[in-house]
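Protein chains: 2
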Amino acid sequence: MQSHPGKNRAVSLLSGGLDSSTMLALVLSKGYEVTALSFDYGQRHKKELESARKIADYYKVEHRIMKLDLRTIGGSALTDQIEVPDAPIDQIGKEIPMTYVPARNTILLSIALGLAEVIKADRIFIGANHLDYSGYPDCRPEYFESINKTFKLATKVGVEGGDIKVEAPLLKFTKADIVRIADELKVPLELTWSCYKGGEKACGTCDSCKLRLKGFMEAGIEDPIPYEHYPDFYVKNRKDKLVR
Amino acid sequence: MQSHPGKNRAVSLLSGGLDSSTMLALVLSKGYEVTALSFDYGQRHKKELESARKIADYYKVEHRIMKLDLRTIGGSALTDQIEVPDAPIDQIGKEIPMTYVPARNTILLSIALGLAEVIKADRIFIGANHLDYSGYPDCRPEYFESINKTFKLATKVGVEGGDIKVEAPLLKFTKADIVRIADELKVPLELTWSCYKGGEKACGTCDSCKLRLKGFMEAGIEDPIPYEHYPDFYVKNRKDKLVR
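Residue numbers (the working numbering), protein chains in the order written: chain A, 242 to 485; chain B, 242 to 485.
Keep in mind the hints are simulated off the structure, nothing from the lab. One thing to keep in mind: the hints can contain errors.
If you want the footprint, here are the derived chain B segments under chain A, 3+ residues with CB under 8 angstroms [unchecked claim]:
no., segment
1, 305 to 315
2, 356 to 367
3, 394 to 407
4, 455 to 469
The structure presented is a predicted model; accordingly, all values stated were derived computationally and were not measured. Ideal Cβ placement from N, Cα and C applies to all residues, glycine included.
So that you can see chain A by itself, here it is in the shape it has in the complex:
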């Protein structure tokens, strides 16, 4: 592992989706030396992980992939063989969704904490955002405050007076904001993958596809990845609103 003197190290969680890929670009733009951390957690498809690899390669950052078979726990549409939900766009985020993986962020952040301590990073970045935090308990600001207190007590670094801080820089941004930031930072969005299903093209019908397309629509930017099906709201607004 190379260390660049004068640069602060960070662990940046990278799923390969729009949010975490944009966050990686943002973190790099702030001058951190980044190790990207992805999880091979028994996803129903590997497309997400391939995207994470491509993004890490693109940005030439160290990339670690942790195997973590969440199927041992069970309880989510993302890891079990239950139907991926397909809610109307205005209902998404209002309830805790079926795709909620119990304790997901706590598990991922804990492992990131271990890695951060080993590589002497002082920041852990997670791409949770505004839309998530109405629905997922572990995306709320009070959750992040609390986990930072716990992490300070949990580590050798913390005990010795140092700190490893979790930050969620996208927390207050909407999807449209994130698309705009990605555009600004020239993130290779064609390499990202957000769909819950693992088809050749993104499905365009799962919650994640719909939220992504809504974000692009509101930002006035065309999503570069191909879709199997475009939702009505996207088609309806396409001609008037999408400028490129």
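For chain A, the structure is supplied; the task is to place chain B on it using the hints.
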């Protein structure tokens, strides 16, 4: 998964060592319906995991084994190829040892939290004890207080007013106390494994063997597992003190 009405469910972390095996017996004696959770985390040997299996079988509890390759993180004598320490008995526990796995308890407890939420358990038991908590930051009482606050904020159950509480029932006990409890509860100690190395017999020279033997010695009970080598303090006290 069978659910017994009227019984509270618990997740009990089980390494297969003296402490977690005794804790399992203790938790069962309190009437919990237990799922034991072990980790296959790239230990240098599998003996510990075999012991966990035998103990879970003995107590006829559901047993889940989560694969979690901590070598992706690195940084400990227990997972990397670095020398296992062999400190004098009176020095053990005074400093953070080489066998400290960064964020270990936080990682294990987070996964236990996910499982607890899925199986609707309201307690998570961890076998951390007195000797650990001088040396390991994530074994101190203030750490457990803090993680309980975080876990309440991290889960659907917590948000909906419920609770999943982490308890470390052995925290204030010495190894000798634990040996006495094990004896009282007739824990099959011959099935447990505490040695950091993976030989045919326990080595008797690593920190873990020494602490275990010291505990048996102080409790006045003979350790039923075979050792390659008995440390001087054990041999010296054996004739006078060990009664059975």
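To see whether the hints hold, each was checked on the structure:
1. 305 to 315: holds (count 10)
2. 356 to 367: With 3 residues close enough to chain A, the hint holds.
3. 394 to 407: holds (count 6)
4. 455 to 469: violated (count 0)
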